[in-house]
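J.: With chain U's structure known, arrange chain E on it following the hints.
Chains as they are written, first to last, in the working numbering: chain U, 1 to 345; chain E, 1 to 301.
Derived from the structure by calculation, the hints contain no laboratory data. Mixed in with the good hints, there may be bad ones.
Said to hold, decoys possible - List of simulated lysine-lysine pairs, DSSO-like, C-alpha gap at most 27 Å:
{"hint": "1", "chain 1": "E", "residue 1": "LYS119", "chain 2": "U", "residue 2": "LYS307"}
{"hint": "2", "chain 1": "U", "residue 1": "LYS299", "chain 2": "E", "residue 2": "LYS119"}
{"hint": "3", "chain 1": "E", "residue 1": "LYS119", "chain 2": "U", "residue 2": "LYS338"}
From a predicted model like this one, the values you see are computed outputs, not experimental measurements.
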Amino acid sequence: MSATETPSTAPAPEAAIPTSRTTSGPDLAKIVIGVVIMAAAAAFPFVVDDTATVRMVSLGLIMAIGAMGLNVLTGYTGQISIGHAAFYGIGAYITANLMIEQKLTFLATLPFSVLICAVAGALVGLPALRVKGPALALVTLGLAILVPTLLHKFGSSGGVALWKPKRSHLNSPVDALTNTQWKYLVPLAALVIVYVLTRNIVHSRAGRALIAVRDQEVAATTAGINVAATKITAFAISAAYCGLAGSLSVLVRGQADASSALAYFQMSIYFLVAVVVGGTATIAGPILGGLLVQILDEKAPDWSGNKVGMAPFILGTALVVIAYFLPGGILGGYRQLKAKLTRSP
Amino acid sequence: MDVELFLNQVFNGIGNGVGYAAVALAIVIVFRTTGLFNFAQGEMAMLSTFVTWQLSESMPIGLALVVGAALSFVGGALVERTLIRPMEAKGNPLGTVIITIGLFISMNALIQLIWPPSKAQSNPFSMPKPFPNRGTVEIFGAHLSWFTIWFVIILLIECALLYLLLQKTKLGLSLRAVASNQESSKLVGIDVGKMLMIGWGLAAAIGAVAGVLLASRTNQFDVSMMQFILAYAFAAAALGGFDSPLGAVVAGFIVGVAEALAITYIDAVDGIPIVVPLLLIFFVLLFRPEGMFGRKVVERV
Chain U
1 MSATETPSTA PAPEAAIPTS RTTSGPDLAK IVIGVVIMAA AAAFPFVVDD
51 TATVRMVSLG LIMAIGAMGL NVLTGYTGQI SIGHAAFYGI GAYITANLMI
101 EQKLTFLATL PFSVLICAVA GALVGLPALR VKGPALALVT LGLAILVPTL
151 LHKFGSSGGV ALWKPKRSHL NSPVDALTNT QWKYLVPLAA LVIVYVLTRN
201 IVHSRAGRAL IAVRDQEVAA TTAGINVAAT KITAFAISAA YCGLAGSLSV
251 LVRGQADASS ALAYFQMSIY FLVAVVVGGT ATIAGPILGG LLVQILDEKA
301 PDWSGNKVGM APFILGTALV VIAYFLPGGI LGGYRQLKAK LTRSP
Chain E
1 MDVELFLNQV FNGIGNGVGY AAVALAIVIV FRTTGLFNFA QGEMAMLSTF
51 VTWQLSESMP IGLALVVGAA LSFVGGALVE RTLIRPMEAK GNPLGTVIIT
101 IGLFISMNAL IQLIWPPSKA QSNPFSMPKP FPNRGTVEIF GAHLSWFTIW
151 FVIILLIECA LLYLLLQKTK LGLSLRAVAS NQESSKLVGI DVGKMLMIGW
201 GLAAAIGAVA GVLLASRTNQ FDVSMMQFIL AYAFAAAALG GFDSPLGAVV
251 AGFIVGVAEA LAITYIDAVD GIPIVVPLLL IFFVLLFRPE GMFGRKVVER
301 V
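Next up, chain E with everything else stripped away, as it sits in the complex:
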């Protein structure tokens, strides 16, 4: 076996996987707080990416990223408050799924209406690089790109901040309480609604950072960037366990590496890498719905 090829593929996989991990993290945070799959998570991140790109035209990218993430936090919280919660209150479980699917389609279309793809020819959507990410590091003859290293570092920082927030602050305690049991949280005086909004906001902000970084990896990005990544991110969230942030991140890398290796070594998936995450979702949900790190949900009748 060619070690260099193998390592290169692993590094490729990590490079893709960090993106899957970041989006999966957002999906998991929403699921933990509201028990919903936000099918629009990818497109919300896409919208954040375009907003950040617009901001970066008039300010440094670092600042634009912070402002973009902050706006996304507000946007995510607003979506929860105005669309998701009233729908939940009606007690129609299909309704909320339908709403996030509707958001998926309409947000993607909205982006195309505001930033028409035809305009990209004169002014291409090119995200400024938030960090010097040209070049690679050589490890055993294989190349690991600086972009991947930076992205992993940023993801780790995000995870550390999230950990501190959830485990070391009063707010985090409330967030965890709501994730664990909404009814009991209400009884002990936690403002559940606020926590749900914060959960959605956090997820939107994490998605925004992921979107901007993914966009900056290539010379040009377009509106379809997140659509396939969403499938991978859902695969990662399923594999890691839908209520486990740690699981989402670990599984994101696993999905990325598994995909890269499958493309290289399994002929059947040549040219159709998307099959890998889809089959993964399928088998995990079928045989181990709680994933690697998730809690098993016991159904009460």
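Okay, chain U solo, but in the shape it has when bound:
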């Protein structure tokens, strides 16, 4: 049973190498590109007038936040989860619930959602100390089904698993911004914060601990890393990100929904697709992946004459193909290509 043992000889995914290389100070070109992307992203809802398009990109940003969370866990720490939509659901539920029952404003619910999800993530991380690899995937798969089922059973009123805050409470509090722009800029701001946070984590001692645990658990222990604490931290961070994504989804979708356990499972897989396609263990990869997944999910039915199953077919196949041919995802592949081009004379 070779695969049940920790693959001690397994090389790290190739994407890990470029990540550590980027630590060597920011260069000007990168800063310029970053500023241009930021400006374009911020200007987007003011330039594009179509509400549906802005909404789609906004949901893509939210998907990206969730994927960045999963990336901390799966990409950097090597703990696979196919149930992170559970935290997304918890986050959405907390926000909707606090808005309805406690009359909080949307933004005021976010700290609660993030904190509670971090605690929930740490709790889920506990079994992960004993359960590894595919078995962990199985446990998290259970989580993706369990959470919406329980929310549906114990959190719904009269069998309806939809929580809708008053629409007016989700409207833009800033006069200068339309509702559409507000519902885009808030997720964008959240994404920027999450991006900076992730960058700092990954490039810190804690981040190197995550990577060490992924690459060689035993060696990490001997290097003085507390493997248990590191894994639990990774779970907490990833769950907090996904919870934030769930809360933001209430802002854009106007509701928290726990009616379909299978939808949660699918969402969890989509997070994974976003991570793998964008670039496992890269900071920006999941953003790219999240946007791609969301756009594909919304547009594929249109392209294929409303065929049921086209979007999951493309995404599922993309997951297989990318994992197979481009283990570093789009961003990892791009970096490899760049490295090859710059190295040759």
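T.: Chain E alone, transformed into the frame defined by chain U:
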């Protein structure tokens, strides 16, 4: 306590459990040979079920079932050869998990693309019954359906054949050798790759039979049939021990009966039976990862 109600629930549980047992058996065979959880096992069985249904339009169901299972054997072996093995060779343990998850999603979607659910209205997906499974047998006032009896018989035949194959043939010896230690098997000249393909093929064929039988139980089946069953089957495989075929079958029945009894007698799980297998997976993996019949894996550093 109402004996009739209790017995009825036990029989219900056995009726469900035989399906869980069959799918769990497939999961365990893959795990034994390749050390992987095939998350796509349920959807592979679903695809086999639809193919068999298509075949049954033009041939008797018995023949369609045999052809369907044979095609599934080939399909399963191909998946191992073309997707799983090259990925394993890259030495990325997450990669193979991701591949089976990708297959899960894309196979389910592929079925919907080939056999659109909207078409079911004009031509419902109704599996012909491979055996006369109407009616019930009365035992102490409780009813045991013929379907369950037939399904159990077929599962037992499968187990007997599997036992004969594994324990009494040269091929079976090689299969067991590969399951036990791939490196050593290579050294004694066993074609490990072929054995892995056979393992995946066998699992796919067993899944196909399970899928067809489960589909024939109801008047109509649809593409989501296997998704929840997969959770139960994984629970059974975990409980029985992921490397024990016997454990998978026994645990399949235990999970089925436990579910039926829990729904009846524990109010908290009323309406959410899926909680039962999920909690079971959780606790078994946490406290006894080797299950009831499995071997304990000692980790070498």
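J.: May I ask which of the numbered hints given earlier this structure violates, with the numbers listed in increasing order?
T.: 3
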